[in-house]
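Asker: Below are the chains, spelled out letter by letter.
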Amino acid sequence: MAWPRTGIVCRKAADLVTEYLEDALPPRDRARFEAHLAGCRHCAEYRRQLRITISAVARAGPEELSSAARSELAAVYRRWRSG
Amino acid sequence: MAGDSELLGRLRGGDEEAFAELAGRYHASMVDLAAAYVPGRAAAEEAAQGTWLGLLRGLDGFDGQAPLKTWLFRILISRARSARERERGSLPAADPAVGPGRFDCRGGWACPPRPWPGDAGERLRAPGARQLIRAALDELPAGPRRVVLLRDAEGLAGSEVSELLGISEASQRVLLHHGRTRLRRALAAEAERA
Numbered sequence: 572m573a574w575p576r577t578g579i580v581c582r583k584a585a586d587l588v589t590e591y592l593e594d595a596l597p598p599r600d601r602a603r604f605e606a607h608l609a610g611c612r613h614c615a616e617y618r619r620q621l622r623i624t625i626s627a628v629a630r631a632g633p634e635e636l637s638s639a640a641r642s643e644l645a646a647v648y649r650r651w652r653s654g
Numbered sequence: 007m008a009g010d011s012e013l014l015g016r017l018r019g020g021d022e023e024a025f026a027e028l029a030g031r032y033h034a035s036m037v038d039l040a041a042a043y044v045p046g047r048a049a050a051e052e053a054a055q056g057t058w059l060g061l062l063r064g065l066d067g068f069d070g071q072a073p074l075k076t077w078l079f080r081i082l083i084s085r086a087r088s089a090r091e092r093e094r095g096s097l098p099a100a101d102p103a104v105g106p107g108r109f110d111c112r113g114g115w116a117c118p119p120r121p122w123p124g125d126a127g128e129r130l131r132a133p134g135a136r137q138l139i140r141a142a143l144d145e146l147p148a149g150p151r152r153v154v155l156l157r158d159a160e161g162l163a164g165s166e167v168s169e170l171l172g173i174s175e176a177s178q179r180v181l182l183h184h185g186r187t188r189l190r191r192a193l194a195a196e197a198e199r200a
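Note that the protein sequences, when read in sequence, are chains P and D.
Residue numbers for the first sequence follow this note's numbering, so the first one is 572 and each next one is one higher.
Residue numbers for the second sequence follow this note's numbering, so the first one is 7 and each next one is one higher.
Be careful, since some hints might not be right.
Residues from chain D that face chain P, not an exhaustive set, calculated with beta carbons under 7 Å [unchecked claim]:
#1 Arg136
#2 Gly164
#3 Leu193
Derived DMTMM-like pairs (lysine to aspartate or glutamate); straight-line CA-CA distance at most 25 Å [as the list claims (entries may be wrong)]:
#4 D:Lys75 to D:Asp144
#5 D:Lys75 to P:Glu593
#6 P:Lys583 to D:Asp110
#7 D:Lys75 to D:Glu23
#8 D:Lys75 to P:Glu643
#9 P:Lys583 to D:Glu175
If you are wondering where the hints come from, they were derived from the structure by calculation, not from laboratory data.
Beta carbons: idealized from backbone N, C-alpha and C, even for Gly.
Hey, can you work out the whole structure from these sequences and the hints?
Answerer: Next comes the structure, spelled out in structure tokens:
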């Protein structure tokens, strides 16, 4: 489903999606991107999926420190104190 | 919860608990980031430990101009780099997930993304999806992984990420795009499960 009338095809919209989400598109490109997505459910779905991906990564923080890591770090601290 | 500067103050006063608390806050993120520079968990752990030692040694000189987290990441990256590589911000090959094969000759989707059900976001943000997401992050090539970890996992601004990594903001976004699109593909099977 290409939409040449708006000046952006799906491939271009998919390329621009990160710049759009990062708010790095110049106003004219942003308007074109939004106009394309308003008429293209596939590209709108693609943007939705990327937004979900980003929020999922933000929630998946690193592991709690293992007790081994904690004691190694305590050793780093004590070495520094004594040295 | 005590702020970083309060903990730093206590640390200057010789409070080991304050050190443990700061380490609990940032060490795991630092190891993850270091692992995108050096081969193997042990080397990443070593780079992170060296960074803590650097903080302890430089405590009196630490002026608190930059947030502690940013400072730690900066020292870590410079240690991890000198430990291994000189190559900077090289761009990965085109991602097949959004490569030319997914589009027809007119630039429309040849193979459109299959819709994710309405609760996909909720499921992927739930604790049960954590392992899957961490595994997908580990699979990313180093360049996109560094950017995704700093931008999306740690929530730094794009400008801070590009400054820390010594790459332009445009390159930072290219790497971010590669990372995010690969992650989307890696999560698709789980997301599509109705």
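Asker: Look at each hint and say if it fits the structure.
Answerer: A quick look at each hint next to the structure:
{"no.": "1", "hint": "Arg136", "result": "5 Å, holds"}
{"no.": "2", "hint": "Gly164", "result": "6 Å, holds"}
{"no.": "3", "hint": "Leu193", "result": "6 Å, holds"}
{"no.": "4", "hint": "D:Lys75 to D:Asp144", "result": "21 Å, holds"}
{"no.": "5", "hint": "D:Lys75 to P:Glu593", "result": "22 Å, holds"}
{"no.": "6", "hint": "P:Lys583 to D:Asp110", "result": "12 Å, holds"}
{"no.": "7", "hint": "D:Lys75 to D:Glu23", "result": "18 Å, holds"}
{"no.": "8", "hint": "D:Lys75 to P:Glu643", "result": "20 Å, holds"}
{"no.": "9", "hint": "P:Lys583 to D:Glu175", "result": "20 Å, holds"}
Comparing the model with each earlier hint shows no violations; every hint is respected.
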